[in-house]
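K.L.:
Residue numbers (our numbering), protein chains in the order written: chain A, 1 to 390; chain B, 1 to 294; chain C, 1 to 207.
Worth flagging that the hints you see were computed from the coordinates, not collected in a lab. One should not assume that every hint holds.
[As the list claims (entries may be wrong)] Label-pair distances were calculated between CB atoms; the ranges are:
#1 A:Glu86 to B:Lys156: 30 to 38 Å
#2 B:Val248 to C:Ser11: 26 to 34 Å
#3 B:Pro66 to C:Gly72: 35 to 43 Å
#4 A:Leu34 to B:Leu88: 23 to 31 Å
#5 A:Ser146 to C:Arg85: 57 to 65 Å
Glycine is no exception: its CB is placed at the ideal position from the N, C-alpha and C atoms.
Chain residues, written in single-letter form:
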Amino acid sequence: MGYVAVKGGQDAIENANKLVDYFRWRGRTQPIELDQARTQMRLAVDRAMGEGSLYAPAHAALALLQVEGDTFEAAFHLRAYRATLERRYLSETLNTREMFVIRRISSTFRDIPGGQILGPTRDYSFRLLNPSLLNASLGSIEKFISDLRDEIDPAKLHAMTTYKKVIDIFLQEGLMSRQGRSGEDRRVFDVTKEAIKFPVPRSAALQMLARAETGALMCMAYSTMRGFGMSHGTVGELRVGDVPVRIVDRRGRLRYVGKIRVSEAEMVGGAGRGAAQSPDQGRGARRAAGPRYSIGYGLCFGQNETKAICMGMVESALRNPNPDNPANNQEFVLYHTEVIEGYGFTNHLKLPHYVTFQAGLEGGRRVARMNEAKGKEVTVSAGGAEENND
Amino acid sequence: MIEVPKFQESFNYAYIDEFTKKEIRRKTLKAVAVPGYQVPYSSPEMPISRGWGTGGLHLTLSLVGPDDVLKVIDQGSDASVNACNLRLFVKKMANCALTFDTAEATLIQTRHRVPEEILTEKQILVLQVPQPEVLRGVERHEAKTRMMHAEADYAKIWVTLYEAYVRSGALRSGAGHPIMVNGRYVATPSPIPSWDVPNLNMARCLYLFGAGREKRIHCIPPFTRVEPLEFEDIRFKVEEFIGIKCSVSGQDKAFMDQIYADDFSRSWVINDSNFLDKVRQGPRPPQRLFANPE
Amino acid sequence: MSALASAKPYSQVFDGQKHYRTLLQCMARPGTIGQLDDALLEVPPSLNRATALLALALFSADSSFYLAQGEGAAMDFIRQETAARPVSAGQAEFLLFLDARHLDELRQARQGSLPYPDLGATAVVQVEAISPAPLPDCLRLTLTGPGIEVETAVFVLGAPELLFSALRERNAEFPMGVDAFLTCDSLSAGPCAMALPRTTRVQWERV
Chain A
1 MGYVAVKGGQ DAIENANKLV DYFRWRGRTQ PIELDQARTQ MRLAVDRAMG EGSLYAPAHA
61 ALALLQVEGD TFEAAFHLRA YRATLERRYL SETLNTREMF VIRRISSTFR DIPGGQILGP
121 TRDYSFRLLN PSLLNASLGS IEKFISDLRD EIDPAKLHAM TTYKKVIDIF LQEGLMSRQG
181 RSGEDRRVFD VTKEAIKFPV PRSAALQMLA RAETGALMCM AYSTMRGFGM SHGTVGELRV
241 GDVPVRIVDR RGRLRYVGKI RVSEAEMVGG AGRGAAQSPD QGRGARRAAG PRYSIGYGLC
301 FGQNETKAIC MGMVESALRN PNPDNPANNQ EFVLYHTEVI EGYGFTNHLK LPHYVTFQAG
361 LEGGRRVARM NEAKGKEVTV SAGGAEENND
Chain B
1 MIEVPKFQES FNYAYIDEFT KKEIRRKTLK AVAVPGYQVP YSSPEMPISR GWGTGGLHLT
61 LSLVGPDDVL KVIDQGSDAS VNACNLRLFV KKMANCALTF DTAEATLIQT RHRVPEEILT
121 EKQILVLQVP QPEVLRGVER HEAKTRMMHA EADYAKIWVT LYEAYVRSGA LRSGAGHPIM
181 VNGRYVATPS PIPSWDVPNL NMARCLYLFG AGREKRIHCI PPFTRVEPLE FEDIRFKVEE
241 FIGIKCSVSG QDKAFMDQIY ADDFSRSWVI NDSNFLDKVR QGPRPPQRLF ANPE
Chain C
1 MSALASAKPY SQVFDGQKHY RTLLQCMARP GTIGQLDDAL LEVPPSLNRA TALLALALFS
61 ADSSFYLAQG EGAAMDFIRQ ETAARPVSAG QAEFLLFLDA RHLDELRQAR QGSLPYPDLG
121 ATAVVQVEAI SPAPLPDCLR LTLTGPGIEV ETAVFVLGAP ELLFSALRER NAEFPMGVDA
181 FLTCDSLSAG PCAMALPRTT RVQWERV
């Protein structure tokens with residue numbers, strides 16, 4: 001063994017890296033430009049930013065190109081990059097009422113103040129493969145954009161402002177309370193700086209859900225709709241758009257640093273859930289003897305509506321612990337939707353485990369010898385179902 | 001090569017920033033002060049995958065300095081691909097010296113084995129831990145296992161050991177035999193074979209255990225009582241390798257790997273790569289050997 | 001007070017790492033007198049150099065400390081150099097005692113809780129001298145427990161018995177407890193530290 005074997009290990013890694021590049025380039029196709037990935041794979045970029053917990057579209061696009069589209073690896077690269085960055089400021093709390101909305105809908109009411117704005121969505125398109133996309137050229141793109149501009153009435157542009165929230169209706173009608181639950185832990189927690197302890201404060205749960213893997217979160221939310229949870233709520237409001245980000249600089253001045261695109265879902269919980277809560281003390285509320293609603297809140301980077309909606313549903317479920325339902329179990333949801341940890345640990349099974357296996361095998365053989373000596377015939381599962389066996 | 005300042009990263013010495021290093025260092029000191037207890041820590045993201053040694057790396061990177069001599073092994077071997085990868089990473093980030101020689105190393109990071117050669121006062125062994133919660137197999141919830149440790153309520157794991165005995169005639173037949181540390185905390189030694197467990201008791205070196213994904217550090221200080229869980233009449237035993245000799249060195253009394261050749265024939269080789277090198281070239285390095293009770 | 005071992009300015013990265021390793025060895029092997037390699041650093045007179053180096057190695061903006069009243073220059077030094085937050089004795093992660101005054105405040109130090117004993121505080125106590133051999137009018141400490149093969153004797157000057165009885169009281173309910181570092185600047189060895197984790201059983205007698 002010794003030096004020669006070690007060199008073998010290092011050579012294997014170097015060759016593996018070369019082969020990765022080979023499999024990327026062997027088709028000898030035109031390299032994809034960063035801006036092409038960033039603009040034409042917008043939703044993949046948005047998802048990578050959310051799971052990578054870093055709002056940086058160019059970096060997310062680079063990550064996706066680098067890992068040939070593997071969204072787990074892309075998020076991983078962004079998380080690792082994020083960990084090297086200095087944390088200089090904490091932003092002021094985002095106010096999504098300031099959002100420049102590109103899409104805004106509500107399922108709770110037919111008409112809402114400001115109107116339902118469908119925006120860019122595939123929800124009502126036919127999912128038919130469209131090869132004519134492949135014929136696009138810069139010329140045809142230019143024409144499409146200028147034709148679209150011609151359809152816009154410049155006079156109406158100025159009428160667009162920000163939109164009030166649908167939950168304002170609930171507050172106004174006394175159907176919702178501004179106050180949180182009494183005794184709720186309202187600390188602002190940063191899971192990247194401090195290990196979580198259960199039960200986690202709401203801010204920690206929200207942060208983890210915002211960073212969670214979209215598919216895993218969907219699995220949890222879906223389960224609540226199919227009997228593994230209480231009745232699902234409705235989309236009180238889903239909005240997608242750009243929100244200004246501000247910080248307070250070292251001299252105490254409030255500074256605008258840019259805007260980020262987010263998806264926000266306010267899922268309205270089932271009636272009666274809020275009935276036990278403290279009486280409404282919000283401004284402008286009318287005291288009503290009716291039901292009280294609560295919100296399940298979802299917010300994530302970019303346009304990722306599935307994640308925002310599922311996050312809202314799961315957030316709501318987590319605030320109502322229930323041992324029968326996985327989605328109502330803080331530990332189950334928060335641990336198992338963590339994309340980097342899940343990806344790492346499931347894939348780590350590819351690492352050599354021959355010593356642990358050997359230990360089990362030897363243990364099993366010893367038992368068989370013992371039992372043989374005793375004249376017993378026993379089938380032994382070597383290291384099989386033992387806990388902590390890795 | 002396009003220089004794009006936008007994408008450039010700058011790395012701190014040993015990769016982790018000083019602020020986070022201090023947090024890990026403070027937590028490590030607390031782990032030493034409460035042997036066997038799992039200290040929660042921040043566990044920063046790394047460019048290496050979770051489950052592939054980030055916890056061990058956190059400890060190594062918080063410890064390492066340019067004067068250190070680092071050894072990294074996986075399943076006992078310096079040659080294992082993941083060991084090579086981790087070793088390259090630490091070297092790149094900390095510019096320390098590297099070695100395969102167990103005796104020469106000041107800092108050893110290992111996955112799932114303790115070196116055969118006795119470790120000394122000058123050495124720290126950092127073990128990578130997949131599941132730091134020894135009770136996880138009997139209780140899935142962290143909130144509950146934390147209370148079980150708080151109250152030293154280890155009834156469930158004792159029952160599991162007994163049931164394993166009743167079912168199969170042995171306390172356990174795998175790696176990671178649970179241990180009682182300093183007479184107070186039941187802990188996992190990480191998935192090391194039973195063969196290695198006796199090395200933890202009253203040792204000369206410092207053992208640090210890092211679980212990155214689960215975000216826990218625990219410690220076995222030197223000269224600390226470490227007892228594998230066993231019953232008075234059903235004793236802890238190590239793997240025996242009866243009648244087996246290493247086909248390369250002719251030696252026995254070391255943990256062995258089973259090797260299959262292309263023709264499906266089986267042979268055995270000493271698992272610890274540096275120990276194997278040494279016994280092939282000269283006298284056996286000092287070892288602590290455990291004799292199984294009758 | 002002590003001759004500087006090296007003329008190099010203090011380096012957060014490299015001195016911090018070396019000092020941490022020494023402090024770790026002290027905690028892992030109680031009774032060991034660890035030498036903290038000195039560096040060029042302005043330290044206010046009320047702090048000994050060992051305490052300053054320990055604070056620089058371990059404290060940061062997310063840690064908290066307690067320093068008895070009226071220790072102005074020391075307080076400024078720690079806040080400026082480490083960004084650690086000053087809090088009350090009962091809340092602090094680290095309690096610094098620059099001399100034997102206020103040691104009774106050790107009784108307020110956090111012990112942690114049964115599920116989280118790591119939240120117990122760390123006391124850093126400045127003494128006049130720590131030695132493996134007897135000194136006139138010192139306390140002889142006999143130490144046993146994890147990290148010590150059988151038992152270790154160490155001699156401390158300038159620490160009242162109150163310190164050890166307060167620690168014993170704080171550590172009566174293991175695993176909850178308070179861990180301690182004793183620090184001094186030695187003429188021959190430079191800045192030194194010795195650790196007493198809560199697992200160490202301390203017997204003391206005047207010599």
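K.L.:
Confirm or reject each hint.
P.N.:
Hint-by-hint comparison with the structure:
For the hinted restraint 30 to 38 Å between Glu86 (chain A) and Lys156 (chain B), the CB-CB distance of approximately 45 Å leaves it violated. Distance hint for Val248 (chain B) and Ser11 (chain C): a CB-CB separation of about 46 Å, inconsistent with the stated range 26 to 34 Å. Checked against the hint of 35 to 43 Å, the pair Pro66 (chain B) and Gly72 (chain C) passes, with Cβ atoms roughly 37 Å apart. Checked against the hint of 23 to 31 Å, the C-beta distance between Leu34 (chain A) and Leu88 (chain B) comes to roughly 28 Å, which is consistent with it.
For Ser146 (chain A) paired with Arg85 (chain C), a C-beta distance near 59 Å keeps the hint of 57 to 65 Å intact.
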